[in-house]
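J.: In order, the protein sequence lines correspond to chains A and B.
Numbered by my numbering, the letters in the first sequence go through residues 955 to 1289 in order.
Numbered by my numbering, the letters in the second sequence go through residues 955 to 1289 in order.
Derived by calculation from the structure, the hints in this document are not laboratory data.
Quantities reported herein were computed from a predicted structural model and do not represent experimental measurements.
A hint or two may mislead.
Note that the list lumps identical chains together, so a pair holds whenever it fits in one copy or between two copies.
[To be verified] Only pairs whose alpha carbons sit at most 20 angstroms apart, straight line, appear in this in silico SDA-like list of lysine to any residue:
1. K1209 with E1177
2. K1034 with G1178
3. K987 with T1130
4. K984 with K1274
5. K1144 with A1031
6. K1026 with N988
7. K1144 with F1066
8. K1283 with E1165
9. K1074 with N1092
10. K1209 with K1233
11. K1074 with M1289
12. K1209 with G1178
13. K1144 with D1027
14. K1209 with N1092
15. K1283 with V1112
16. K1144 with L1030
17. K1070 with D1250
18. K1011 with V1067
19. K1150 with S1028
There are 2 protein chains.
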Amino acid sequence: MKKPITIAIDAMGGDNSPQKVIEGISIHAKYSKNVNYKIFGDRSLIDPLIEKFSINKNKIEIFHTNKFVEGKDSALAAAKKGKDTSLWLSIECLKNNEADAIISAGNTGALFVIAKLNLKMIENIDKPALSGLWPNNNGMNLVLDLGANIECNEKNLVDFSLMGSALYRALFNNDTPKVALLNVGSEEIKGNNVVKNTYQKLNEIKNPLYEFHGYVEGNEIMEGRVNVIVTDGFTGNIALKTAEGTAKFIVSELKLALTNSILGKISSLLNSNNLKKFKNKLDPRLYNGAILLGLDKPVIKSHGSTDALGFSHSIQVCEKTIRGDLINKIKENIM
Amino acid sequence: MKKPITIAIDAMGGDNSPQKVIEGISIHAKYSKNVNYKIFGDRSLIDPLIEKFSINKNKIEIFHTNKFVEGKDSALAAAKKGKDTSLWLSIECLKNNEADAIISAGNTGALFVIAKLNLKMIENIDKPALSGLWPNNNGMNLVLDLGANIECNEKNLVDFSLMGSALYRALFNNDTPKVALLNVGSEEIKGNNVVKNTYQKLNEIKNPLYEFHGYVEGNEIMEGRVNVIVTDGFTGNIALKTAEGTAKFIVSELKLALTNSILGKISSLLNSNNLKKFKNKLDPRLYNGAILLGLDKPVIKSHGSTDALGFSHSIQVCEKTIRGDLINKIKENIM
Chain A
955 MKKPITIAID AMGGDNSPQK VIEGISIHAK YSKNVNYKIF GDRSLIDPLI
1005 EKFSINKNKI EIFHTNKFVE GKDSALAAAK KGKDTSLWLS IECLKNNEAD
1055 AIISAGNTGA LFVIAKLNLK MIENIDKPAL SGLWPNNNGM NLVLDLGANI
1105 ECNEKNLVDF SLMGSALYRA LFNNDTPKVA LLNVGSEEIK GNNVVKNTYQ
1155 KLNEIKNPLY EFHGYVEGNE IMEGRVNVIV TDGFTGNIAL KTAEGTAKFI
1205 VSELKLALTN SILGKISSLL NSNNLKKFKN KLDPRLYNGA ILLGLDKPVI
1255 KSHGSTDALG FSHSIQVCEK TIRGDLINKI KENIM
Chain B
955 MKKPITIAID AMGGDNSPQK VIEGISIHAK YSKNVNYKIF GDRSLIDPLI
1005 EKFSINKNKI EIFHTNKFVE GKDSALAAAK KGKDTSLWLS IECLKNNEAD
1055 AIISAGNTGA LFVIAKLNLK MIENIDKPAL SGLWPNNNGM NLVLDLGANI
1105 ECNEKNLVDF SLMGSALYRA LFNNDTPKVA LLNVGSEEIK GNNVVKNTYQ
1155 KLNEIKNPLY EFHGYVEGNE IMEGRVNVIV TDGFTGNIAL KTAEGTAKFI
1205 VSELKLALTN SILGKISSLL NSNNLKKFKN KLDPRLYNGA ILLGLDKPVI
1255 KSHGSTDALG FSHSIQVCEK TIRGDLINKI KENIM
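Full structure from sequences and hints, please.
T.: Given below as structure tokens:
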């Protein structure tokens, strides 16, 4: 039997909240076992949604507040709003060991700053990194940092490699993930000094908990030959968004191609099941849930614009990081 | 009537050369007017191909050499091979004003180094940048630098902006291209110091020959709201290759979806015309031909693995840079 776990949930962040958050919880609660949800937000909005989506009340606890961090708040302004916002309270709940992970679909900068104010960094880690799931030919890999740190030194990139491989172990039950550095070529001499020095350091570390596979280029991210791809937050953010933009462009061109004639429409209809499978495989909701690594408790960020299904997937990421014992795996890796 | 121009062509670089180069010339020669091709390479291989592809001999001149730069040569090793390689000779021909542009599908590093050894930099430009065509919702834009300079300062990025907008004017006959910097957010305070300082400088420059549109994120590259997107060579290379990898992944998933059932196969057959149009629009051969900007003559790099059609497109880029008066447009922009 699975041991009971508790997830703290900021119900008020992101588009169309708390509706998508509560519906997301209802989806997750249907297939999960022994998961309790501590929900932070406006009870007058949340209560009717709990009824609407028929959530088992034994599984939830609501903590009322009518103060929220807004999407447009700067991180500083959000922190200054104080300790009564749904975001702050949900993180504080984690800090006080009353939950095992926290998730929010709200303001990313505010989540980072308030999490850093409340939680401790894991010993020997200087900077937290944002790590995301990325589809590839064989399933999924992890890419980090996706934007938490614009400038990184080699110590940071080594830390990201160790934390990323720990996360991969926690999520996918794989004991020796393959780790690579994102670079502009595969030869040892390519790249900037930070990347080259990181390569040297990762080559020297003898850690049985991951395998270092050198450099990968941008076109190899989705090939699936490695499990964890490490880069600085500037490059990672641009790679992620370029991939999103490319996917959007291609899918819209495809839609145009398949519907710009009667014959096209008919044959697409015939093929609708296959096209649906194709669309599902690329559905960004399946990859929702980025993990902020480096703090001594699991902090998960859902995409602000996702829907209930996407939010339920990011709750699933929370559950996996807890059951996969993420924080201890990171500590094992950096020992 | 178009004035006669001459393109110097290294026939020996890249996969399957000189076959693809000569066939590429034959494709280009069919629709071009008043273009002469000076072809550098092994006459014993080239002559039969000229026959095979029925190229009008009045349009070509062959310069024999049996020394070539190999794909595996380092830039230094390539330069040391001396002045008799097909690459060196074709660049020297440009240097001596016996051609108006040079193109090679060979070793990129060698092309850069030998071009820099032979040609002058345009006054006030410190570093050359590699600029490529990128498809978007409204046609094509330019992205630079795609990998010539791993580290760039703000002066370099400003130069790239000015040169990129000149190239856009030369290629697309557009007098005020919209220029943007690639960044991790659209607010002025986002990004690293180099990007932020470049933003300030571009905002201050009052140049009627382009419009500065601030920052774009990776997902906006293909939206088509701007014409020239500027970044350092590390980020640009990773963005380009990530986009290539994403496109390849999606198209292979699509193929799988459309052929994994009898019904899928039949309906794809019905839809083959539309799917062909879709495929054509994404065909990387259409975007072949990267331009090395900053030297005082046009230097064009074809993808090494492209075929004859792709090579003919990059010859077309040569022709456009010459007829569009690229070098003078750059000089106008940086005045």
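J.: Now tell me, hint by hint, if it's right for this structure.
T.: Verification of the hints:
no.: 1; hint: K1209 with E1177; in the structure: between (25 angstroms within a copy, 16 angstroms between copies)
no.: 2; hint: K1034 with G1178; in the structure: neither (43 angstroms within a copy, 39 angstroms between copies)
no.: 3; hint: K987 with T1130; in the structure: neither (28 angstroms within a copy, 60 angstroms between copies)
no.: 4; hint: K984 with K1274; in the structure: within (16 angstroms within a copy, 61 angstroms between copies)
no.: 5; hint: K1144 with A1031; in the structure: between (42 angstroms within a copy, 17 angstroms between copies)
no.: 6; hint: K1026 with N988; in the structure: neither (36 angstroms within a copy, 58 angstroms between copies)
no.: 7; hint: K1144 with F1066; in the structure: between (33 angstroms within a copy, 16 angstroms between copies)
no.: 8; hint: K1283 with E1165; in the structure: within (15 angstroms within a copy, 51 angstroms between copies)
no.: 9; hint: K1074 with N1092; in the structure: neither (35 angstroms within a copy, 48 angstroms between copies)
no.: 10; hint: K1209 with K1233; in the structure: both (11 angstroms within a copy, 12 angstroms between copies)
no.: 11; hint: K1074 with M1289; in the structure: within (17 angstroms within a copy, 54 angstroms between copies)
no.: 12; hint: K1209 with G1178; in the structure: between (27 angstroms within a copy, 18 angstroms between copies)
no.: 13; hint: K1144 with D1027; in the structure: between (40 angstroms within a copy, 15 angstroms between copies)
no.: 14; hint: K1209 with N1092; in the structure: between (26 angstroms within a copy, 16 angstroms between copies)
no.: 15; hint: K1283 with V1112; in the structure: within (16 angstroms within a copy, 45 angstroms between copies)
no.: 16; hint: K1144 with L1030; in the structure: between (39 angstroms within a copy, 15 angstroms between copies)
no.: 17; hint: K1070 with D1250; in the structure: within (10 angstroms within a copy, 52 angstroms between copies)
no.: 18; hint: K1011 with V1067; in the structure: neither (32 angstroms within a copy, 70 angstroms between copies)
no.: 19; hint: K1150 with S1028; in the structure: between (35 angstroms within a copy, 18 angstroms between copies)
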